[in-house]
Each structure stands twice: as structure tokens, then as C-alpha cells.
Amino acid sequence: MRTIIFRTIAPYLAALMILFSVFVLLRGHNEPGGGFIGGLIAASALAIYGIACGVASVRRAIVFHPMSISAFGLFIAVLAGLPSLFLKQSFMTSQWLSFRFFDVNVDLSTPMLFDIGVYFVVVGSIASIALALEERESD
Amino acid sequence: MTTAVIDTTILAVLAPFAAAVVAPFATKIFKQNAAWILALVPAWIFYHFAGYIGPVSHGESFTPAVEWAPSYGINLSFYIDGLSTLFALLISGIGTFIILYAGGYLNGHPQQGRFFSFLFLFMGAMLGLVTGNNLITLFIFWELTSITSFLLIGFDHLRAASRRAALQALVVTGGGGLSLLAAFILIIGATGEIEMSALLSSPDVIKNSGLYLPIFILVLGGAFTKSAQFPFHFWLPNAMEAPTPVSAFLHSATMVKAGVYLLMRMHPLLGDTELWTTVLPIFGGVTLLVGTILAVRQTDLKLMLAYTTVASLGLLVMLVGTSWEKALEGAVLYLLAHSLFKGALFMVAGIIDHETGTRDVTKLGGLRGAMPITFAAACLAALSMSGLPPFIGFIAKEVLYEGTWEMGAGSLLVTGTALLGNSLMLVIAAAVAIKPFFGPAVETPKHAHEGPVLLFAGPLVLSLAGFAAAFFAHQTGELFIGPMLSSLTGQSAHVDLHLIPAYISAPLILSVLTGVLGVVLYLQLARLRALVASVLAAIGWGPDKGFDQFVAGIVSLSTAVTRLVQGGRMQTYMMLTFGVTAAAVLVPAFLTDGLPSMPAMPDYAFYEWGILGIAFLGLVAVLVAKTRLTAIVSLGIQGFAVAVIFMLFGAPDLSFTQFMVETLSVVILALVMTRLNLSPRDHRPAGAVLVTGAISAGVGAGIALTLMAITQQPFDSRLSEFFTAYSRTIAHGRNIVNVIIVDFRGFDTLGEIAVVVLAGLCVLALIRVRTKPEVKVDEDASAEALAKRVEAS
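Heads up: the protein sequence lines correspond to chains A and B, in order. Under our numbering, think of the first position of the first sequence as 796, with each following residue one higher. Under our numbering, think of the first position of the second sequence as 233, with each following residue one higher.
Note that these hints are calculated values from the structure, not bench results. Among these hints, one or two may not hold up.
Unchecked claim - Away from chain A, derived, C-beta distances all over 10 Å, residues of chain B: (1) 647; (2) 885; (3) 893.
What the hints assert, rightly or not - Now the in silico label distances, taken between C-beta atoms and shown as ranges: (4) A:802 <-> B:811: 28 to 36 Å; (5) A:878 <-> B:272: 46 to 54 Å; (6) B:957 <-> A:874: 24 to 32 Å; (7) A:852 <-> B:790: 27 to 35 Å; (8) B:268 <-> A:874: 48 to 56 Å; (9) A:852 <-> B:792: 32 to 40 Å; (10) B:776 <-> A:874: 54 to 62 Å; (11) B:790 <-> A:878: 46 to 54 Å.
What the hints assert, rightly or not - So, partial list: chain B residues that the calculated Cβ filter (under 10 Å) puts toward chain A: (12) 874; (13) 904; (14) 958; (15) 962; (16) 981.
Beta carbons are placed, not taken as given, at the ideal position from N, Cα and C, and that holds for glycine.
So that you can see chain A by itself, here it is in the shape it has in the complex (with noise of 0.2 Å):
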């Protein structure tokens, strides 16, 4: 799979690949995307990376173990819920804060940062599933 060409491409592809993910994720509210899409994607983009680079240099740019970031995203989305309980709301419902930054209407939300989660949990797990798998003794 180590063409030169792939090798090159890869990384660039790569990083398009995660922004996309990125804006595939913030826009899932009113679009189609959402979390599990783009965790997805960026799952893809870390195989593909890890495909032509080696896998060493997928943990390398990613610093954290990938099942870390897994468990980093499940304490998110717990979090997400907790902030109703202080309003004396049940758990896990949604909390808006909309303000306008230099003209434009910034929405913040519990559900957004539920989403983000989601999007982590499936990065880390599809991510370190791919990586393992990838990984041989020769590497």
C-alpha cells in the first residue's frame, strides 16, 4: 500500500478529511451530520492515514491513546447531562445560551456538547479498533 504517492497525498487528505469531520459534526443540529458521522469520517481519515504512514505515526500525531479519547468523549456527554440537575431539571435536559458575537448569533448548547462526545467516543473506539488491527510486528 506504500506508494510514493499515496504517502504523499495521505496526510493532506488526512487533514481535509478531519476538518471536514469537524464541520460535518457542528452542523449536524439543522443539517445532516451529526456526531456519529463525523467521528466516522475522522475514524476514516486516521485509518487512511495510519494505512500509508504506518501506524506509529497515526499515535504520534494523535498524542493521546485512542482509547483514551473514547473515554475522554463518554465523560463529555455524561457531562452534558449534569448541568439540568442544577436548574432542578431532569437529567440530560437542554441548556441554551445564545449571544451575539460581532453580529453573528452564537448558539451554545448541552445537546452540541453531547455531540461532541459522541463524536470522540467513535473516533477513539473505531480508531483504536483500525490502529490495532493495522499494527503488525514489521512496523
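Given the coordinates of chain A, assemble chain B onto it according to the supplied hints.
Here is chain B on its own, set in the frame of chain A:
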């Protein structure tokens, strides 16, 4: 009574559990004095329950309760009446001395703290059991006694015999507990009541319901296993593997009486029917005779006592089974008497074992000089057990003879059984109390001397209590026996007891007969022993052996089933899974006529037909592919075509996800394959291929038919309308799919991503398992290389 006092009762029931937590620390700090401090807990409980004696004897009853799971009607509620008060007093009173005794018996034992904990846990379970009002509460405490007695019997866990006995007791009594749970569920279903006190206020409901028979059988299942009735009697003598304080507490005074307690408690609800008065006396009578006959054979002090416990329980069940008021009075009296003398005798047996080093009655003798206090206690308790005046055992025997004699139908049979049982009981009592102490002194493994006060306090007090209860017979009857009898009969009962029989009557003559027969049999003890032993040897098989065979049978059955179901071949698992799936979708569709009608040829545009064609081509390619890699990629083609179909029919989210999942599954499958092998697909015979193909076709056809059937149903649009209407206004999102996932059903998604994380961890672990041995080889190789390099330099 005020609320404050009621709360104290619940505290009293739960106090042993707190003590169980504290006990190890207390033992560590106070060493050999810990028992004195810990015994304060049961002493306080005794004092508390003693406060109920007055009100209860005036016919009052109390139902303290706290909410537990009120939506299910399950509360931590307790019922204090004559029956539970006497039981609670016995448990806490005897418990006090057991704690002291354990302090002396296991003095210096490294696990003494743990032992105290177990004892307290058991005490709490037992208290909760006898006072439990809510049926579920009662059941939980019931099973808790099984579990804690498992811990106690298996305390000496390094010995195989202890482990076996503990397991056996748990299997038998725990299994009986499940039967009891079923009985309680039926009772709740039949009456709609979950509180014992409410059930007792309308006692005929169960008897008149159609469920009486199953409830009766299930209750007996619980009671007979717990109280070691024949043929479940075998676990109790085996449980003598436990340290003696446990034997004295569990297996004489308290736990084994739980079954009798249950029968007594249920008597107003289930008793006095033809079934009850036939089944119970038969089982009880058989248990009485089997117990005493087996006891005669034994030479081990504890085993002799254990088998007479079995016999006594049989006697109690037999008496309760008569449903005859005077016989019930005898049962209640005998229960009190038995708890006092058996507790004392067990402790005596323990002291003898502890101070001389042996429990074999044939190797003991002449201890009266060396152990005068123990001797006195043993004599007092044994006289009570023999049913001789002036002890409570005597009064109990008089009353029970009076009851069985007057009973009417079956009276001679029951009286005869009781007579034989009682005289054999006298033989054992004499063997336990006379044999070790009289005659010439015998050399014992340890030099015999009197034990410390911690040891002999219990037996002395208990045997004296048996004397006091008889001396103050009138008060005993009024304060304890009467209220308890009222609980059994459901009507207020008046009991008038006298120590000295007023005139010569049938019971007195029967007593004399018992005594004479007992003495005669005692003189022939050695011959009797040989006779029983030879009969048992002739029979050979017994329930104890049967239990072993039962357990071995279950193990080999489960091994066989496992071998059948989990052969370890992935192919078999897959075929089973998909075969069952196909059957599950297809069979009901055919049986219930749920097949869809043949749809009309759809009116698709050319590109839509094109996509379908690509999907079909992908499938064909999978089937004809020569290598695994080609097959995987071809499957991907088909998957992508499906994704495009989703997109064309207005499900962009779904299609988006399908694209990504398809890509990743091709990548991951390919990676898996490169790890396994990429050799040509398979060389299976045509038959196997055909079977697999049939199953796949079945699953495919089944799913397709189901989908078609569903789409042909009228569409219920309420849910989609709801989400369309509210996703914008409530969740501030236009993408309904995403809004549902992260907002409306966010908690579901949280669960799902938790599953994703777990699945990831599991897959990772599986991959690691495969690679581990190779890594180890590598390490070895590098170590070798290193060694060579070192040598070279």
C-alpha cells in the same frame, strides 16, 4: 406506644449488622476482652424485646415499619406479637452467651474478629426473619440466614469437609428459600396482601383460594429444607463441621427453627386443613424417628446432639401438624425447652472438646471432678432434655402427651411416635451428660480442667433458665407460652401451667413409660448402636450420598450441554444464529398469514434502476469472487449502492452514515483478513455451501418479506408529526434525526456510546490476546541476542 419506641425496634433488628462492621476492629483493639463488649449488643436487643413481654401478653401487637421500595409495596416492616417476641428473645438471649462463648472458644484465633462479624450478621438475619412482616422483607432475611450460615459453617475454609458442608447447607436451604419466594409471590397474587399482619387478620383467604395446594407445597419446600425435615435432614449433621459456637447457635437454638417458625407463623393461614394434618405429622414423625435412631449410632458428642436436633424439629413439625390446640401448646413449650437445653448441651460439648481434645464419647469418662461447673450445667440441661422434673422439658412433655393423647383420630400413632422418640432422646441425653463425666477417669489428648468463665457462663445460665422456667411455670405460661399460642391459633389463648401434676393422668403414665423405656434402652446402648450401624450398612445409600450424586450429575450434565452448545467453531455459531433469525422471521409470517401481497412493479427512473443493478452486481461479485479480499470489496460495492439508494429516497443522514460505515467496514475487514489469511476462499464440500446458502437466502427473504409487510401497513404518522412540530421549537434544531439522537432520546444515545466504548475495549483486548505470544517470543529472541552480544564483548 410512641413512634420513638417503634423506631428503636427497627434499630434493634438492624443493630447486629452494625455490630458486624465494628466487631473486627473491636477484636483488634480489646483482644480477649472484646467478647464482653460485643455481647452488650445482643444483651441490649434482649432488653429491648423484653419490654414487649408485658404488652404482648395482653394481646397487643406492633407493626413498626419504614419505607423501602413503596412503589412495589415492599417495606422494611416488622410484626411483633407473641410468636416473634419469644423468638427474638431466644435469639438475642442465647446470642449474648454465644458471643461470650465464642470469645472463649476462639480465644487467640487469628480470624476471631471475622468470626464475630459472621455471628452478628447471622443474628441480624435471624432477628429480621422472625420479626419480618412484609413478605419480601421476610424472604430477604430468610435467604440472608442461609448465606450467613454458609459463611459460618465454612468458617474453617481450609478443610474440605467444611467447604462441602457449607455448600451443601447453602444449596439445600437456599433452594428451599427460592421455593418460599414462589410461595410468597403466589400468596401476594392470591390475596393482594403483602404484609403478614394483614394476611393474619383474614386467615381463611388462602385456604379458600384455588392456589392453596401450590402455596402449601411451596411453603413446605422452604420450611422442610430449613428445618432439616426428612429427606432433607442430612445437611444439619454435616453442618457440625462449623466451630462449636456456631453449632450451638445456628443448629440448635435458632436457624433450624426458622422452618418451624414459618410453619407456626403460617398456621392460621394454612393450617387445620386435611392436607396439613396429614402431611406434616407424617414427615415430622418420620424425621423424629430417623433423627433419634441416627443419633443413637453416633459416638461424636456434637453429632449425637445434631441428630437429636433433627429429631426435635421433627417432633415440633409433627405437633404443629396436628393443629390440635393442646398439642400446639406442647409444641411451643417444647420449642422453648429445646432452645434452652440444646444450646446449653452444645456449649458443654464444645467445652469438653476444647478442654480434653476429643469429642468421642467412648474415649471420655470421669470428668466430673475436673470440670465440676460444666458437669453441673450438663446435668441440668440433660435432665431437661430427658423430660424429667423439675425442668421445663418435663412440663413440655406432659403437655404434648396430653395434646396427642386427647387428639382423636391418629392419636395413638402420634403418641406412640412421640413416646419412642422421647425415650430415645433420654438415651442420648444420658449418653451426652452422664457418660463423659461418670465412671473412672480416662486419659484424654489434653489434660482436662475447667474452662474459663467465658465458656461455662452460657451453658450454666441456659440450663438454669430451663429450671427457672419450670419453677415459675405459671408465669412462663402467662407471659410466653400463652401469647405465642395465640399467634398460632389466631385466637387469644389462656395457658395454665403447673410444675407438679395435680393428679395421675394419661400424660404422667406416658412419662413414666418414656422414662422406663429410656433407661432400658440406655443400658443396651452399645448393642443398639451396633444394630443401627448394621441396618444402615445394609441400606447403604442415603440422602447425603444422594446429594453428592445429584451435584456430580448436574456438573456432568452442564458439561455435556456446554460441549453441545459451545463447540468452539465460529461457523456453527454463525449458522445457529442466522438459522434462528431466519426461522424467527419466516415461521410466524407463514403461520399467522402475515405475508405481504405481491407489490406492483415500482415506477423508478432509469438511474434508480441503475443503482439497483449495481447493488445486484456487487452481490453476484461476492458470490463468484475467488479470493476473500475481492469478496470484501465487492460487498462494499453493494453497500455503497444501498447508501446511494438511501440518498435518492430522501434520507441524507442515513446515507451519509452508511457511506462511512461501509468504507470503514471494508477497511477493517480487509485488515482483519490480512492478519488471518488471504488464500482462496474456501474448499468446503458442495453440501456445506448449499446449507449456508439456504440459511442466507432464508434470512434475506425473511427480512425482505417483513419489510414489505410493514410498508404495506397503514402508516402511523403521529411520531413523525410530533418531531416535526417540536424539534424546532423545543430542541432548536432543524435536523430531526440529529435532534432525536442528541436531545429527545439523548439518554439512549448515552447508553449506546457507552456500548461503543466497551466494544472498542473488548476488540482491543481480543487483538492483544492474539498477538501476545508472538511478542513474548520476540522478547526471548532479543534477550538471547543481548546475551550473545554480552558474551562476544
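Structure-based check of each hint:
Look at residue 647 of chain B: its CB is around 69 Å from the nearest CB on chain A, clear of 10 Å, so calling it non-interface holds up. Not every CB of chain A lies more than 10 Å from the CB of residue 885 of chain B, the least distance being 5 Å, so the non-interface label is violated. Distance check for residue 893 of chain B against chain A: the nearest CB is about 7 Å away, which does not clear 10 Å, and the non-interface claim fails. Checked against the hint of 28 to 36 Å, the pair residue 802 of chain A and residue 811 of chain B fails, with Cβ atoms roughly 46 Å apart.
Under the hint 46 to 54 Å, the C-beta atoms of residue 878 of chain A and residue 272 of chain B, about 50 Å apart, fit the expected range. Hint check: residue 957 of chain B to residue 874 of chain A, Cβ distance near 30 Å, so the stated range 24 to 32 Å holds. In this structure, residue 852 of chain A and residue 790 of chain B break the distance hint of 27 to 35 Å, their C-beta atoms being roughly 50 Å apart. In this structure the hint that residue 268 of chain B and residue 874 of chain A lie 48 to 56 Å apart at CB holds, the actual value being about 53 Å.
For residue 852 of chain A and residue 792 of chain B, the hinted distance range of 32 to 40 Å is not satisfied, since their beta carbons lie about 52 Å from each other. A hinted range of 54 to 62 Å holds for the C-beta pair residue 776 of chain B and residue 874 of chain A, which are about 59 Å apart. At about 50 Å, the CB distance of residue 790 of chain B to residue 878 of chain A agrees with the hint of 46 to 54 Å. With a cut of 10 Å, the hint placing residue 874 of chain B at the interface with chain A is violated, because the nearest CB-to-CB distance is about 16 Å.
Hint status for residue 904 of chain B relative to chain A: holds, with the closest Cβ pair at about 6 Å, below 10 Å. The interface hint given for residue 958 of chain B is broken, as the beta carbon of that residue sits about 12 Å from the closest beta carbon of chain A, more than 10 Å. For residue 962 of chain B, the shortest C-beta to C-beta distance to chain A is roughly 8 Å, which falls under 10 Å, so the interface hint holds. The beta carbon of residue 981 of chain B comes within 7 Å of a beta carbon in chain A, closer than 10 Å, and the hint placing it at the interface holds.
Hint check: violations occur at hints 2, 3, 4, 7, 9, 12, 14; the rest are consistent with the structure.
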